[in-house]
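Student: Listed below are the residues making up each chain.
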Amino acid sequence: MKKINVDLAIIGGAPSGLAAAVEASKKGIDKILILERNIELGGILQQCIHDGFGLQRFQKTLSGGQYAQKFIDELKNRSVDIKLDTMVLEITKGKKIYAINPQEGLLEIQTHTIILAMGCRERSASQALIFGSRPAGVLTAGTAQRYINLEGYLPGKTAVILGSGDIGLIMARRMTLEGIKVKGVYEIMSSPGGLTRNIVQCLDDYDIPLHLSESVIAVHGKDKLTHITVAKVDENRLPIPGTEKDIACDLLVLAVGLIPENELSKRLDLLMDQKTKGPVVDSHFMTSEPGFFAAGNVMAIFDLVDYVSLSGEIAARGAAQFLNGTLTGKEKSVFVEAGNNVNFVVPQKRTLEGKLKSETFFLRVKSPQKNVSLKCYQDHQSIYSKKHQVVTPPEMLSCVIRSGQPTPLKIQVEVQ
Amino acid sequence: MNQKEYVCTVCPMSCRVTVIEHSDQSLSTSGNTCKRGEKYALSEHTNPQRMITSTVKVTDGLIPRLSVISTNPVPKKTLKACLKVLYKINVKAPIVGGDLIVKNICNTGIDIIASRTIKKG
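First to last, the sequence lines map onto chains Y and G.
Quick note: the first sequence uses this note's numbering, first residue 1, plus one each step.
Quick note: the second sequence uses this note's numbering, first residue 1, plus one each step.
Hints are not guaranteed to be accurate.
[What the hints assert, rightly or not] The calculated lysine-lysine pairs, modelled on DSBU-like cross-linking and capped at a C-alpha distance of 35 angstroms, are:
hint : chain 1 : residue 1 : chain 2 : residue 2
1    : Y       : K83       : G       : K57
2    : G       : K120      : Y       : K76
3    : G       : K39       : Y       : K355
4    : G       : K119      : Y       : K26
5    : Y       : K410      : G       : K92
6    : G       : K88       : Y       : K387
7    : G       : K80       : Y       : K183
8    : Y       : K370      : Y       : K410
9    : G       : K4        : Y       : K375
10   : G       : K119      : Y       : K70
11   : G       : K4        : Y       : K366
12   : Y       : K96       : Y       : K3
13   : Y       : K266      : G       : K120
14   : G       : K39       : Y       : K181
15   : G       : K119      : Y       : K96
None of these hints come from the bench; they were simulated from the model.
Let the sequences and hints guide you as you build the complete structure.
Tutor: Here it is, written out as structure tokens:
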């Protein structure tokens with residue numbers, strides 16, 4: 001078994017991992033290693049051929065591939081080791097990583113710091129409580145996207161999409177442009193899950209109907225999908241008898257949510273957040289285990305890739321401080337309170353250990369509100385206030401506060 | 001006085017911007033919170049534009065499809081014709097991100113470039 005020693009190991013070479021690697025290199029970390037299970041870097045960005053990435057970071061609307069390419073090109077000029085086609089099997093508390101690839105076989109990597117950047121995966125049909133037979137033609141949106149955009153296959157002729165999150169909306173447009181008839185997008189909730197931009201540019205532009213408070217309740221077909229049954233749902237999201245309707249289609253695309261991929265982190269007994277389904281992190285995006293950091297969708301599902309890469313950079317700066325001893329992860333930290341209409345906040349904890357000029361928080365609201373202010377209170381004193389015309393659960397909010405005392409912080413949304 | 005509401009898509013703020021057509025045929029906006037919102041709504045009203053993002057066939061590459069993007073938005077009404085051109089394109093790996101794929105597509109004055117790098121497979 002080949003043995004390798006590094007200062008920082010990054011698990012995952014998608015936007016959070018790539019941004020973390022660039023920042024770690026800028027901060028002078030010597031031996032940096034990215035472990036990526038795919039045959040190329042960039043992760044899901046490579047199949048997101050649509051534009052809309054990078055508005056905050058680059059003030060430009062880039063495609064997913066262009067966004068990834070910027071970081072990949074930046075890495076070429078830096079001494080960062082990259083192992084592609086490499087699957088991480090296990091991470092130990094002693095910071096040993098066991099990984100495997102076809103060229104080198106089993107690897108044992110001893111590292112001083114780790115950034116968990118494994119991203120997320122899609123909810124499947126059974127997780128969306130779709131019962132019935134299991135014919136071909138029921139795919140997650142990401143799988144359909146991969147077939148169409150990377151591999152060049154059309155997975156069907158007539159499609160229905162379940163879920164109005166951004167991925168579902170993007171796929172409605174993409175399939176329409178490739179000649180697949182999209183009969184409609186069904187959403188179990190009473191409001192759309194995706195950004196307004198995508199409702200306008202992906203559905204309205206192509207006259208694709210959006211059915212709110214309706215869901216797919218059964219799929220039919222022996223070998224290949226022949227039709228599905230949809231029904232209106234009540235306030236408890238249960239089908240209303242008598243509202244069932246059959247729709248003929250040979251493709252059902254599921255865009256029913258993402259789950260942080262924490263199989264590797266779970267074995268480390270990290271403190272997890274039940275709301276985000278990711279590890280609890282502090283101001284440096286360090287987890288409950290000293291020297292283990294988390295960034296991107298493995299920590300919480302983000303809506304903008306710019307937030308994902310930003311979180312990677314914060315984690316990388318944390319790792320650099322852990323390596324030079326200014327950060328130990330042993331000092332006390334306090335939890336951030338999610339106040340009025342705030343569903344969750346990441347990071348969940350504040351620490352003043354280590355050097356931080358500012359602290360960045362990401363949050364999602366519970367329900368839509370108009371004409372509000374996002375406010376942060378430290379010791380009951382308002383230290384941050386920003387007006388928002390409208391806040392909605394699908395659109396993550398962020399706030400940057402100047403680092404102060406590690407006193408309890410409360411973040412909430414208030415009506416102006 | 002005619003008016004029409006547009007949802008601004010420049011940033012996630014999603015401002016609801018109303019374009020008002022005055023009797024002297026001049027246009028004004030309300031509801032936008034920044035200059036970009038005004039520009040967006042007026043453009044949607046008079047000449048809606050969209051970016052083109054699609055894929056073209058690649059031979060000898062690590063993957064069989066190359067994602068491509070327009071250098072700027074094209075008029076929405078030319079979108080279909082532009083895509084028709086792209087369906088017929090076949091490029092050969094290696095491709096470097098930014099490579100010119102189609103110059104001045106459908107006489108829009110806009111180029112189509114490679115979104116990414118594709119090595120030889």
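Student: Going back to the hint list, which numbers does this structure go against?
Tutor: Hint check: 3, 5, 6, 13 fail, others pass.
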